[in-house]
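Colleague: Sequences listed follow chains A and B, in order. Residue numbering for the first sequence follows our numbering, beginning at 1 and increasing consecutively. Residue numbering for the second sequence follows our numbering, beginning at 258 and increasing consecutively.
Incorrect hints may have been included.
[As the list claims (entries may be wrong)] Heads up, simulated BS3-like pairs for lysine-lysine below, C-alpha to C-alpha not over 27 Å straight-line:
| id | chain 1 | residue 1 | chain 2 | residue 2 |
| --- | --- | --- | --- | --- |
| 1 | A | Lys-64 | B | Lys-421 |
| 2 | A | Lys-68 | B | Lys-408 |
| 3 | A | Lys-103 | B | Lys-504 |
| 4 | A | Lys-103 | B | Lys-354 |
Derived from the structure by calculation, the hints contain no laboratory data.
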Amino acid sequence: MELTFSDVTKSFGDLNVIEYFSTTIRTGEIVALLGPSGCGKSTLLHMLAGLQTPSTGTLTAGGKRIEKPSPERTLVFQEHALYPWLTLAGNVALALEFQNTPKQVALAEAQKWLTKVELAGFEHYYPHQVSGGMRQRCALARAFIARPQVLLLDEPFGALDALTRMTLQSVLKDLIEEERPTVVLVTHDVDEALYLADRVLVFSNRPATVLSEIELGHMPKTHDLSAFADIRRDVLNKLGIDTDTTPAQAEAIGETV
Amino acid sequence: MSNSQTMGVATKRAYVVAIAVILFFWQVAAWFLPDFLMPDVHTAILRLWEELNSAEFYEGLGNSMTRLGAGYGAALFFGILLGLVGGTINAVRSPLKAAIIILQSIPSIAWVPLFLILMGFGNLPIIVVVAIGAFFPTALSVMNATESVEKVHISAARVMGASKVQMLRRVYFPAVTPELITGAQLAFGNAWRALISAEMIVGFSAGLGKSLAYSGEIADMTGVMTNILVIAILAAVIDQVILERIKHRLLRYQYL
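Assemble the whole structure, with the sequences as input and the hints as a guide.
Modeller: Printed below as a string of structure tokens:
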């Protein structure tokens, strides 16, 4: 499903978060929106989901104007989006139950998707009984079970430790390759963007403007990012991180930016 | 889990100790006071046993429970409804909350004279007084809980395509359940106090409160203490056994 932004502006009171943003995301494309925290990239994603409306400009999905949320454009949140009163299976099944699928059918389907994200055996656990990584696996299953045409990810692994994050990125990559939705990923993790995306949009600080647009379509999808070294350095420089200095210096610069 | 089980045992032991202490002080008072002023514990328990075998007792119990059920049930229904409405609609919230805070400071028994004249001598004024007592804590707890439902839980349901009814039933209702139950337990205490006092004042047909008031009028202190015993036992059973069971059932996920 093709997604378009045309001249989208968003302001909260006097605060301009996004100014005249336009782009087209092709059907089946995987686009990462990369930028510093609070730059407005999450707002762009929430507008695609239909949870927020632009101040001016329009967004379309499949040629139709986005006005409200739709299950064909689902969103995975950073964390705490599972319902604590439902088991993992109950959480995943709920996505289908909201489409009026009978409970038993929904639970059977949920079982299949939990197995796909390697959570078989944990169906009857409640979210607070499992780790953060397992909760996000469950959140992915809940997103994919409804077979969305558009998958929106809002820093889905931002709260996880580095190793768990890499494992979950692989799980996500496999699911995307299988289901082929159009994907928009919001992240502040450069490596995550390079690993998952076909195209990366690098955003400036507020108001969000695109500093650079990188096509990665032809690059191999692997966690060995050595092939990306030049691109990675370029992206970090664009974000104001000086790659010629030592990490400690870079950190200090990062703080002053 | 073992932790909550040992806590259960400790709670039970605390109740046994408390009951023993209360009965002990009652018995001490009975030793010092003449029988017509304060009966022995065992005299009251024997009377209770007699009562349990009399049809009159069950008529009164049945009447009281019906009034409690009707009043408390109505209060829960309207309390949940208004709480959800107030919690989700910003324009309604603040005025409704203010109205509740003003009205709940009036003891529900104070409404009896008004309702007696307005509704006539009968069950209705008692039921309404019970409902008023139970309504405010229910509505307040549901409203506060509805306001603080996590935004991400609502957004997640919206992107999954939940309808308004599904949103209310599958997201808001379970999200407010923990606070609703606390509110409902508080509301039960209010309802129970309102019921007994209203029955004592109104004195319409048989009932626990009327039976207590009547025993007092004929200076039957054994009857008074027996009625108090019944009122205490029933309240404890309803609150600690029935409501606690429902709570553990509905909030099973929290006890794992």
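Colleague: Tell me, which hint numbers fail for this structure?
Modeller: Of the numbered hints, just 4 does not hold.
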